[in-house]
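> Each chain, letter by letter, is given below.
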Amino acid sequence: MNRVDELVAMIRCENRSPVRFMEVCGGHTLAINQLGIRSLLPDKISLLSGPGCPVCVTGTGYIDSALRIASNPEVILTTFGDLIRVPGSEGSLETGRASGMDVRLVLSPLHALQIARQEPGRQVVFLGIGFETTAPGVAAVIRMARSEKRDNFFVLSAHKVMPPAMDALTSRGIRLDGFICPGHVSTITGSAIYKSLARDRHIPCVISGFEAADILETILLLLRQVNQGTASVEIQYTRAVRPEGNPRALQLMEEVFYRRDDWWRGLGIIPASGLGIRDEFRAQDAEYLFGRVTMQGTEPAGCACGSVLTGQMTPSECGLFGSVCTPDSPAGACMVSSEGACQSYFRFLQ
Amino acid sequence: MGTSILLAHGSGGGKTRELIRSVFRPFFTDSRLIAATDSAILDGAAGQLAFTTDAFVVDPIFFPGGDIGKLAICGTLNDLAVSGAKPLWMAVSFILEEGFELEDLTTIARSMAATANANNVALVAADTKVVPRGKGDKVFITTTGIGRLLTGLEQVSYGAGIRPGDKVIVSGTVGDHGASIFASRLEQPPATPVLSDCASVLPIMGGLCDLAEHIRFMRDPTRGGTATVLCEITEKQNWGIRLIERSIPVDGKVSGLCRLAGLDPLYLACEGRVICIASPEKGEEVIRRMKTCPAGLNACEIGTITSENPGRVVMETTIGGTRLITMLSGDPLPRIC
Numbered sequence: 048m049n050r051v052d053e054l055v056a057m058i059r060c061e062n063r064s065p066v067r068f069m070e071v072c073g074g075h076t077l078a079i080n081q082l083g084i085r086s087l088l089p090d091k092i093s094l095l096s097g098p099g100c101p102v103c104v105t106g107t108g109y110i111d112s113a114l115r116i117a118s119n120p121e122v123i124l125t126t127f128g129d130l131i132r133v134p135g136s137e138g139s140l141e142t143g144r145a146s147g148m149d150v151r152l153v154l155s156p157l158h159a160l161q162i163a164r165q166e167p168g169r170q171v172v173f174l175g176i177g178f179e180t181t182a183p184g185v186a187a188v189i190r191m192a193r194s195e196k197r198d199n200f201f202v203l204s205a206h207k208v209m210p211p212a213m214d215a216l217t218s219r220g221i222r223l224d225g226f227i228c229p230g231h232v233s234t235i236t237g238s239a240i241y242k243s244l245a246r247d248r249h250i251p252c253v254i255s256g257f258e259a260a261d262i263l264e265t266i267l268l269l270l271r272q273v274n275q276g277t278a279s280v281e282i283q284y285t286r287a288v289r290p291e292g293n294p295r296a297l298q299l300m301e302e303v304f305y306r307r308d309d310w311w312r313g314l315g316i317i318p319a320s321g322l323g324i325r326d327e328f329r330a331q332d333a334e335y336l337f338g339r340v341t342m343q344g345t346e347p348a349g350c351a352c353g354s355v356l357t358g359q360m361t362p363s364e365c366g367l368f369g370s371v372c373t374p375d376s377p378a379g380a381c382m383v384s385s386e387g388a389c390q391s392y393f394r395f396l397q
Numbered sequence: 005m006g007t008s009i010l011l012a013h014g015s016g017g018g019k020t021r022e023l024i025r026s027v028f029r030p031f032f033t034d035s036r037l038i039a040a041t042d043s044a045i046l047d048g049a050a051g052q053l054a055f056t057t058d059a060f061v062v063d064p065i066f067f068p069g070g071d072i073g074k075l076a077i078c079g080t081l082n083d084l085a086v087s088g089a090k091p092l093w094m095a096v097s098f099i100l101e102e103g104f105e106l107e108d109l110t111t112i113a114r115s116m117a118a119t120a121n122a123n124n125v126a127l128v129a130a131d132t133k134v135v136p137r138g139k140g141d142k143v144f145i146t147t148t149g150i151g152r153l154l155t156g157l158e159q160v161s162y163g164a165g166i167r168p169g170d171k172v173i174v175s176g177t178v179g180d181h182g183a184s185i186f187a188s189r190l191e192q193p194p195a196t197p198v199l200s201d202c203a204s205v206l207p208i209m210g211g212l213c214d215l216a217e218h219i220r221f222m223r224d225p226t227r228g229g230t231a232t233v234l235c236e237i238t239e240k241q242n243w244g245i246r247l248i249e250r251s252i253p254v255d256g257k258v259s260g261l262c263r264l265a266g267l268d269p270l271y272l273a274c275e276g277r278v279i280c281i282a283s284p285e286k287g288e289e290v291i292r293r294m295k296t297c298p299a300g301l302n303a304c305e306i307g308t309i310t311s312e313n314p315g316r317v318v319m320e321t322t323i324g325g326t327r328l329i330t331m332l333s334g335d336p337l338p339r340i341c
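So the sequences go chain by chain: A and F.
With the working numbering applied, the first sequence covers 48 to 397.
With the working numbering applied, the second sequence covers 5 to 341.
Hints are computed from structural coordinates only; laboratory data are not their basis.
Where is the CB? At the ideal position from N, CA and C, for every residue including glycine.
Incorrect hints may have been included.
Non-contacting residues of chain F with respect to chain A, defined by C-beta distances greater than 12 Å in every case (computed) [unchecked claim]: (1) R36; (2) T57; (3) S97; (4) G244; (5) G256; (6) P284; (7) R292; (8) N302.
Now the in silico label distances, taken between C-beta atoms and shown as ranges [as the list claims (entries may be wrong)]: (9) R190(A) - T322(F): 38 to 44 Å; (10) T7(F) - L152(A): 31 to 37 Å; (11) Y335(A) - T322(F): 46 to 52 Å.
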């Protein structure tokens, strides 16, 4: 019997009552659906997708601000591909580009800095979104830009940190029996950030890798904690995650960013959950030059992304799902990103 | 003659003649083209014809394994071939951007002629236009082709005879072209280049002619990739497809790149592959014949037609789970062909 079959058999043995486990990482959402993991599990195990896809939790107000900035002909707006089709209140970066704005896709913030070096006469703005996984890389590039006194490279930060959102979920009465904790985020942060969730909220937490056997083993470890009535933080993804995380990356983040209150789709304002750029680096801060971003914007009518992201609704229970809202013409952010719960559900399970 | 395209090269006057004489004439030698009449006059062909056209705007224009010229010829040849037709004549039209290097244009013309000659198709009509700098991007090429439909293969475009039990076959690794273009655009392209599969599928098709009654469907999985072709053919049918993920051939470099970039090779374009649905009796034979062609070495069965899940493509994942395959939405890679 191979490892996957073995784990599935052990999960079946261990699973007694209905349980709800949530992952909060777009990579896990995608892996679970691509591998067809749900089809191997007993019906009593529900896997929910939480607020782990950066594009999905970012407010329409951020897109509106980006479009306002890009309407300036001096500006080259650079972005990861995921954001390009996210609807703002009155259009997306894609429609902005079609109407003549200079919007360019990049694969890394370094690429954006490179554009700024090549076009010193233009203002290059990079849309910084993502959690602890991407924030250190952006911090490094901001520091690089400052040290070369680059006066035409800016970051519009919508970076967020994960633990406050996980805490907000559990403190608002959403029933969860365990967290499949994000593997990539944890390589940076280490495992200590989940301790209070386990201790104070009594939720089992297991940091998971992304292969089939990783995810199945994580589910098994969570089930064991549930059955034993314990709640602790375990690392399944030991080949990548150390308890102390990556101190160098954490220090870089700390040096460039400060914590601020931020708005999350489905969860609203969460204290100290967002990352703004520190004053020492304001020469690179797009908000300093172009004005403060209001993250919260007008949400599309009828869109239930907020309820989906907090595990209160499955994508198919949303009235817009599959009719008004499809990957080709998304109404809500969760249908845009390949890591979004709704798109993933639409593509692999519907 | 300078070294780059000027607006005057599109004027229709002396400069245009000079461009044709120095760049195209050495390679495009068909007498009907050289006659420079407004239309090529062709000997009538009996029976049914296949007629197709395609525009090529790929960026970059030179990529590992091919260039926009080879792609433009193969693209149209392949559309004819998978329709069950033997290509006879082609027309080509260039839109050139002011400032485009003549040396690059010469390389492209040479590549087109070599590909057309190797596949015995005549380039009988051509046109060139020039647009001001910034109004185009180096070179855009449109090719149009006419072929004669081969007896017994009339059904392969439609897949009307597909039934449960039939075999789904692919002629080689999937997603190579899309991955190659993606890699070429990276800031730091991989040290060993990812080769496009850009090639004519005529030899593969030629080897299958006498199995015509067992070939239910053929298509080349270009934009949208293998997944999209299978979804299109399955839509609204009273049968479904069961794909086996571990049977789907993917080049090691392509799968590595896909993992890194979050792409799915099933949705990446091929430019030298055929998806073929064949009868269960002759499925093995189809694969054997494909393997005799250089472009078909990795041919294999990737799934079957089922009576379950009508209208849907379901894939058994590498770990034995199942998931749905849906049509590509959005555009993962701009301008791949």
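> Each hint needs a verdict: does it hold in this structure or not?
Okay, the hints, checked on the actual structure:
1. With a minimum CB-CB distance of about 42 Å to chain A, R36(F) clears the 12 Å threshold, and the non-interface call stands.
2. Even its closest Cβ contact with chain A, about 25 Å, leaves T57(F) beyond 12 Å, as expected for a residue assigned away from the interface.
3. No beta-carbon of chain A comes within 12 Å of the beta-carbon of S97(F); the shortest separation is about 26 Å.
4. The claim that G244(F) lies off the interface holds: its Cβ sits roughly 14 Å from the closest Cβ of chain A, which is beyond the 12 Å cut-off.
5. Separation of G256(F) from chain A is adequate, the least Cβ-Cβ distance of about 18 Å exceeding the 12 Å criterion.
6. No beta-carbon of chain A comes within 12 Å of the beta-carbon of P284(F); the shortest separation is about 26 Å.
7. For R292(F), the condition that its CB be more than 12 Å from all CB atoms of chain A holds, with the nearest at approximately 31 Å.
8. Every CB of chain A is more than 12 Å from the CB of N302(F) (nearest about 23 Å), matching its label as outside the interface.
9. Hint check: R190(A) to T322(F), Cβ distance near 41 Å, so the stated range 38 to 44 Å holds.
10. For T7(F) and L152(A), the Cβ-Cβ distance of about 32 Å falls inside the hinted range of 31 to 37 Å, so the restraint holds.
11. Range check, Y335(A) to T322(F): about 48 Å between beta-carbon atoms, so the 46 to 52 Å window is met.
In summary, this structure violates none of the numbered hints.
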